[in-house]
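Number of protein chains: 2
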Amino acid sequence: MDSKIFNLKSKLEVYKAMTGGGNFGDCPVRDVIQGINGKWSSLLVMALAERPYRFGELRRLVPDISQRMLTQTLYDLQRDGYVHREVFPTKPPSVEYSLTDLGRSMFAPLQLLIQWAELNHDAVREARAAFDNAQA
Amino acid sequence: MDSKIFNLKSKLEVYKAMTGGGNFGDCPVRDVIQGINGKWSSLLVMALAERPYRFGELRRLVPDISQRMLTQTLYDLQRDGYVHREVFPTKPPSVEYSLTDLGRSMFAPLQLLIQWAELNHDAVREARAAFDNAQA
DNA sequence: CGGGATCCTTTCGGATACTG
DNA sequence: CAGTATCCGAAAGGATCCCG
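Top to bottom, those sequences are chains Y and A.
Each residue of the first sequence is one higher than the one before, counting from 5 in our numbering.
Each residue of the second sequence is one higher than the one before, counting from 5 in our numbering.
Hint data in this document are derived by calculation from the structure and do not stem from the laboratory.
A couple of the hints might just be wrong.
Identical chains blur together in the list; that is why a pair holds if it fits in one copy or across any two.
What the hints assert, rightly or not - In silico EDC-like pairs for lysine to aspartate or glutamate, Cα to Cα no more than 20 Å straight-line:
(1) 43 - 80
(2) 95 - 61
(3) 15 - 61
(4) 20 - 68
(5) 15 - 105
(6) 43 - 68
(7) 43 - 30
(8) 20 - 126
(9) 20 - 30
(10) 20 - 35
Just so we're clear, the structure is a prediction, and the values are computed from it rather than from any experiment.
All chains should be modelled from the sequences, with the hints used to inform the complete structure.
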């Protein structure tokens, strides 16, 4: 795990990072965050962090993803440099997906966010219920 | 910062957290992650982490958000318990938005992801360029 | 087996106009 | 000032069929 990641910045500095220092329309941080914001991106990264998987394996591993979105999400992850795609010329062909170094570097910060979600999802559910109740 | 957050789990455990242990369709972790996955959610959380802001202040702070999305995103954040909304009965009325304890607890893990994005956005840009170049 | 192509529905998000 | 209401285009995402 890269120790640089844990050098916390001031709140103002972090906010400025998300605004691109004034370049709101073209902020690199928001650009990268958007790339992993899809419905399936982070899930597939976490799956591939365990070990490489083939296309069909991923389909069975995540039964509620459509084949279209699996293809497209893997393509996007590959384009952004998080995932490596290797074709084995067997018959029928098999394709293996694995994380790149860049993809692996995402694991630590993403895991912390996921654990935060796991730790607080009860609170969120209660907040929603209370809010919806107060509206009625 | 909650130290429990930094008790790292095994990769398999983390993946299982994202699948809800088999309840793919209704996984609480993915539910929470989805809630902060919007285009503006994390940006507003990071802004409010610095200090409370009024509606108009937020508009000026983030010039490229539409008033519709600012209203809606703040509403959603409030519903999920991340943001507190307080109306002051002045004339004309003023409304202040601030983070709740739950919202503040999101700051640390979110900041790490943002710093990761800041650290790696050059690599992502290069990967995209190389990929697009190889396609042509 | 690992997709591509197509069609369709739903959701996201911007623009504009109006209000207490 | 802090919103609501409405309309619309763009994008995300699912279902289905097809192919080497």
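Check your understanding: Which holds for residue 43 with residue 68 at a C-alpha limit of 20 Å: within a copy, between copies, both or neither?
Key -> within (11 Å within a copy, 24 Å between copies)
Review point. Should residue 15 paired with residue 61 be assigned to within, between, both, or neither, using CA atoms and 20 Å as the limit?
Key: So residue 15 and residue 61 pass the 20 Å test across copies only (17 Å; inside, 42 Å).
Point to revise | Status of residue 126 relative to residue 20 across identical chains (alpha carbons, at most 20 Å) | key: between (31 Å within a copy, 17 Å between copies)
Practice item. Since the copies are identical, ignore which copy is meant and state whether residue 43 and residue 80 lie within 20 Å (CA to CA) inside a copy, between copies, both or neither. Key: both (12 Å within a copy, 18 Å between copies)
**Study point:** residue 20 and residue 30: within-copy, between-copy, both or neither at 20 Å Cα
**Key:** within (13 Å within a copy, 35 Å between copies)
Practice item. At 20 Å max between alpha carbons, let me know whether residue 20 reaches residue 68 within a copy, between copies, both or neither. Key: Close across copies (14 Å), not inside one copy (37 Å); limit 20 Å.
**Study point:** residue 95 and residue 61: within-copy, between-copy, both or neither at 20 Å Cα
**Key:** within (17 Å within a copy, 62 Å between copies)
Check your understanding: For residue 43 vs residue 30, is the C-alpha pair at or below 20 Å within one copy, between two copies, both, or neither?
Key -> Answer is between; shortest inter-copy Cα gap is 13 Å, intra-copy 22 Å.
Practice item. Using 20 Å as the alpha carbon limit, work out where residue 20 and residue 35 are close: within a copy, between copies, both or neither. Key: Only inside one copy: residue 20 and residue 35 sit 14 Å apart there, 28 Å across copies, limit 20 Å.
Exercise for review: Since the copies are identical, ignore which copy is meant and state whether residue 15 and residue 105 lie within 20 Å (CA to CA) inside a copy, between copies, both or neither.
Suggested key: Answer is between: at 16 Å across copies they meet the 20 Å cutoff, but 29 Å inside does not.
Violated hints: none; the structure is consistent with every hint.
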